[in-house]
Amino acid sequence: MLVNNILTNYIIEYMEEFYSTRYLKRIGKLSHTSNIFTCLPILDGQKILEVNILSESGKTETIRTIDEINEKIRKGDAVVLTAEEMIRLVESSGVDVAAKEVDVVTSGTFGAMCSSGVFLNFGHSDPPIKMTQCWLNDVPVYKGIAAVDGYLGATVLSETLGFEYGGGHVIEDLVSGKEIQLRAESYGTDCYPRRHIETTITIDDLNQAMLLNPRNCYQRYDAATNSTDRVLYTYMGTLLPNYGNITFSGAGQLNPLCKDPNYETLGIGTRIFLGGGIGYIIGEGTQHNPITGFGTLMVKGDLKQMSSRFLRGSSFYRYGVSLYVGVGIPIPILNEKIASTTAVKDENIFVSVKDYGIPSRPDLRPSVKKVSYADLRSGKVEIKGKGVPSSSLSSYKMAVEISEVLKKWIQDGRFLLTAPVEKLPKQSVVKPLEIRKKEPKVSEIMRTNVITANPDDDVKEIAKKLVEKGIDHLPVVDGARKLEGIVTSWDLARALASDKKRLEEIMTKKVITVFQNESIDVVARKMAKHNISGVPVVDKENHVIGIVTTDDISKKLVGGRTTI
Amino acid sequence: MIVRLTYSPEVVEKPVLAEVILKTGVPINILEAKVNAQKGELVVSIPAKGKTLEQILGFFKEAGVITQKFTQILQIDFNKCTSCGACISPCPTRALRFSLDWTLEFDEEKCVACRTCVNACPVKAIAVP
Ligand code: SF4
Ligand code: SF4
Numbered sequence: 001m002l003v004n005n006i007l008t009n010y011i012i013e014y015m016e017e018f019y020s021t022r023y024l025k026r027i028g029k030l031s032h033t034s035n036i037f038t039c040l041p042i043l044d045g046q047k048i049l050e051v052n053i054l055s056e057s058g059k060t061e062t063i064r065t066i067d068e069i070n071e072k073i074r075k076g077d078a079v080v081l082t083a084e085e086m087i088r089l090v091e092s093s094g095v096d097v098a099a100k101e102v103d104v105v106t107s108g109t110f111g112a113m114c115s116s117g118v119f120l121n122f123g124h125s126d127p128p129i130k131m132t133q134c135w136l137n138d139v140p141v142y143k144g145i146a147a148v149d150g151y152l153g154a155t156v157l158s159e160t161l162g163f164e165y166g167g168g169h170v171i172e173d174l175v176s177g178k179e180i181q182l183r184a185e186s187y188g189t190d191c192y193p194r195r196h197i198e199t200t201i202t203i204d205d206l207n208q209a210m211l212l213n214p215r216n217c218y219q220r221y222d223a224a225t226n227s228t229d230r231v232l233y234t235y236m237g238t239l240l241p242n243y244g245n246i247t248f249s250g251a252g253q254l255n256p257l258c259k260d261p262n263y264e265t266l267g268i269g270t271r272i273f274l275g276g277g278i279g280y281i282i283g284e285g286t287q288h289n290p291i292t293g294f295g296t297l298m299v300k301g302d303l304k305q306m307s308s309r310f311l312r313g314s315s316f317y318r319y320g321v322s323l324y325v326g327v328g329i330p331i332p333i334l335n336e337k338i339a340s341t342t343a344v345k346d347e348n349i350f351v352s353v354k355d356y357g358i359p360s361r362p363d364l365r366p367s368v369k370k371v372s373y374a375d376l377r378s379g380k381v382e383i384k385g386k387g388v389p390s391s392s393l394s395s396y397k398m399a400v401e402i403s404e405v406l407k408k409w410i411q412d413g414r415f416l417l418t419a420p421v422e423k424l425p426k427q428s429v430v431k432p433l434e435i436r437k438k439e440p441k442v443s444e445i446m447r448t449n450v451i452t453a454n455p456d457d458d459v460k461e462i463a464k465k466l467v468e469k470g471i472d473h474l475p476v477v478d479g480a481r482k483l484e485g486i487v488t489s490w491d492l493a494r495a496l497a498s499d500k501k502r503l504e505e506i507m508t509k510k511v512i513t514v515f516q517n518e519s520i521d522v523v524a525r526k527m528a529k530h531n532i533s534g535v536p537v538v539d540k541e542n543h544v545i546g547i548v549t550t551d552d553i554s555k556k557l558v559g560g561r562t563t564i
Numbered sequence: 001m002i003v004r005l006t007y008s009p010e011v012v013e014k015p016v017l018a019e020v021i022l023k024t025g026v027p028i029n030i031l032e033a034k035v036n037a038q039k040g041e042l043v044v045s046i047p048a049k050g051k052t053l054e055q056i057l058g059f060f061k062e063a064g065v066i067t068q069k070f071t072q073i074l075q076i077d078f079n080k081c082t083s084c085g086a087c088i089s090p091c092p093t094r095a096l097r098f099s100l101d102w103t104l105e106f107d108e109e110k111c112v113a114c115r116t117c118v119n120a121c122p123v124k125a126i127a128v129p
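Sequences listed follow chains S and X, in order. Counting from 1, one number per residue, gives the positions in the first sequence under this note's numbering. Counting from 1, one number per residue, gives the positions in the second sequence under this note's numbering.
So that you can see chain S by itself, here it is in the shape it has in the complex (with noise of 0.2 angstroms):
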């Protein structure tokens, strides 16, 4: 165990972003002696933080059980509000009193969740097939298990409408009831000797349609912006040129995760709204990184009592499909620590603004900024001394509609409270994907003798040039290497035609550049996407120290991948 004295105040900065200073001191949870600090080391370096808000001040005594709330609810006396109204009351009468009033606080979010998909028991035909290939309405359902199972997730592709239509679609469609194509191959076997089925479906032919979710109900998720000057289609949705919008996700003050960010009574058999039916937590999700305030979960639901308003398909553009999931989880109030964090307001809820225009894995992102779930859901957001306007993703009036419909289901006595049979670890860490396989990088192929020209060059010179050392992109150059252009033999061949004389005057002056740390896959697509054979590798002052052309590319992966 390490604790010094950057990291402490880390930690302390930290927890004052999530939870703002004023509340910790409310609540009585900023000495720093009551709050227990671990670090543990981890991969590539990196200090992964464990920040464990305990109090000791004796607010953790237990002031209902599950089964006195149970017993309120079957007698239909339960208080329960909803988590707006839980905060709005605290701020109102004090933790205290609200601990005292109320039993329940229901929290909602609804937003797309990639990681969902059904798992599907289509029953036996006559003759049966053991189905090896299986497509619902051209979309493609996962077969590596028995012979009428199947998983249809919720991001799988239709083979034939592409973008429009997926997993989430289907599943959409088949919660509304409707009926469904459903074709399946085999290649046949003495017990299964059918090879081929096309029919249709609906929901209730199924014997089973279980949604399970391996990842949910994020307990925050990130901002997204674009440095870039192009417009960028992401799960983010679509990101403006030059810091033009901002998306997020997460109903932030709604959220399930965030109403009990200690995980005392989230676990695997906790009861929850799933979709507008009832599910479970059956665990936590992939991805769960509790240490740093971003967990997951896992959870289940019978499909047949879900509703397509709490369900949707839906398809973001040049991205892919997903599912709009719909989740609300009830947390009762066992102690005062409980109510506090169920009044946990989008002021006190942090997230960084990622700059999605570099390419690189979601934590790699520069974050741009810090700010509250308040700051994202006021609609502006200054970035670099300009009001950014951002939107959610996540529909925050339907996380509302979802915390309402289960306080309604508690209060009609239709729902119970369940204990945890195992609460949700504290502890996980998430761990990149290590690239073990040497991946070339532009350093490894560039040519570094580069033949550059300046802006006050005469065409017809630079021309005879390009011809006799047979090259065709030629930077242009101030007088310290600094790059103000391109031109291509293309460029000279039209410069000529027509009877401009200086380079400046022919040069393409917005050059698409790349680093020589990028990896080529990262510059083939970037080429294949502005088509472009050639770009000039610059340092970060924009000096020229290399070039890559689409040749030299294909030299380097002859022998080795055949496309990229």
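Simulated from the structure, these hints should not be mistaken for lab results. Be aware that one or more of the hints could be misleading.
What the hints assert, rightly or not - With a straight-line Cα cutoff of 27 angstroms, these simulated BS3-like cross-link-like pairs (lysine-lysine) come out:
no. : chain 1 : residue 1 : chain 2 : residue 2
1   : S       : Lys408    : S       : Lys460
2   : S       : Lys460    : S       : Lys72
3   : S       : Lys423    : S       : Lys100
4   : S       : Lys380    : X       : Lys39
5   : X       : Lys51     : S       : Lys304
6   : X       : Lys124    : S       : Lys178
Since the structure of chain S is already known, use the hints to place chain X with the ligands on it.
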């Protein structure tokens, strides 16, 4: 407000649009243009409301140009819309926003029919008829 301007053969040669812009100082933006010797048809966006808008339309009428307001530029299917907000920040003219209860609201007068929101909507709730 998006308006269709139809020029008859008599006025098709006259610089009516330029005159109106000069007279009113309102930067009218051409979204679509089909002009030939017999007839001209422009779809323009006039960034004005109420009286100013009526005055501008009046000038066109005086000059012999037929004006027709586009009243339904976008169709938002509120049965499909989840009020997620994915269309709001990409809209270049701030024509889309949330009402106080976080329901999507559309301000038709600001819309320039650019279709950005049509692509941005994950559940295809917006269409341009
Ligand atoms: S069409 Fe363009 S201007 Fe009109 S609402 Fe959509 S994004 Fe905004
Ligand atoms: S993106 Fe679509 S669903 Fe979301 S608020 Fe806009 S119109 Fe509604």
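Each hint tested on the structure:
Only pairs whose Cα atoms come within 27 angstroms are accepted, and S:Lys408 paired with S:Lys460 is rejected, the gap being roughly 81 angstroms. Straight-line distance between C-alpha atoms of S:Lys460 and S:Lys72 comes to about 91 angstroms, which puts the hinted pair past the 27 angstroms bound. With a C-alpha separation of about 24 angstroms, the suggested pairing of S:Lys423 with S:Lys100 holds against the 27 angstroms cut-off. Taking the CA atoms of S:Lys380 and X:Lys39, the gap is about 45 angstroms. The hint is violated against a cut of 27 angstroms.
Between X:Lys51 and S:Lys304 the alpha-carbon distance is near 56 angstroms, which puts this suggested pair outside the 27 angstroms criterion. Taking the CA atoms of X:Lys124 and S:Lys178, the gap is about 18 angstroms. The hint holds against a cut of 27 angstroms.
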